[in-house]
Amino acid sequence: MIYRFRVILDTEEDIFRDIEIEQNATCEDFHNSITQSFGFDGTEMASFYVSDDEWRQGEEIPLFDMSESDSPLRMMNETLLEDVLSEDQTRLIYVYDFLNLWTFFVELAEIAEPQDGTSYPNLMYVHGQIPAEAPPADFSGDEDDLDEDDPFADDDDDYDIEDYDGLDFDENWN
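Taking UniProt numbering, the leading residue of the sequence shown gets 1, the next gets one more, and so forth.
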């Protein structure tokens, strides 16, 4: 089977690519298809994140394991697309170049039969030109999602980092 994706750059302008790829291709194969279709050289770090219907970031599937955690991560070169995506799980977030944070919304649009004479991966459609610089990342979140029980949710903190007397600790404790 063939997965047909729409890969959308997170910008105000419409910039996207429609890509077909085999369902048994690896996430690394898909990463290479995305970088080539948007004109990147493919030399930067990248990760896919499983996403829900609200585009909330879930499990990371990195290109390389840079974590210091003992729990193993699913790596792109070891993870098949069919093991991550299905008719029920259709969304991924793709981040390329962690210094510039090129962020893409990836949605599985269709699962289809392969077409005779078509080689995959296949760039089906291109819309918009990628800007010279990555769009600024917006980490503000949705103000309606603030948890009132979260002690860190209050944005009205007026702490002065240089005011040691007001921080209630002994700076010469040892």
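None of these hints come from the bench; they were simulated from the model. Being a predicted model, the structure only gives us computed values, none of them experimental. Do not take every clue at face value.
What follows is a set of in silico ranges between Cβ atoms, one per label pair, in the way DEER data are often shown [said to hold, decoys possible]:
id, residue 1, residue 2, range
1, 58, 115, 30 to 36 angstroms
2, 36, 66, 22 to 28 angstroms
3, 115, 44, 18 to 24 angstroms
4, 126, 77, 25 to 31 angstroms
5, 39, 12, 18 to 24 angstroms
6, 68, 107, 30 to 36 angstroms
7, 77, 136, 27 to 33 angstroms
8, 87, 54, 16 to 22 angstroms
Just so you know, even glycine gets a beta-carbon here, dropped at the ideal spot from N, CA and C.
If any of the earlier hints don't hold here, list their numbers in rising order.
3
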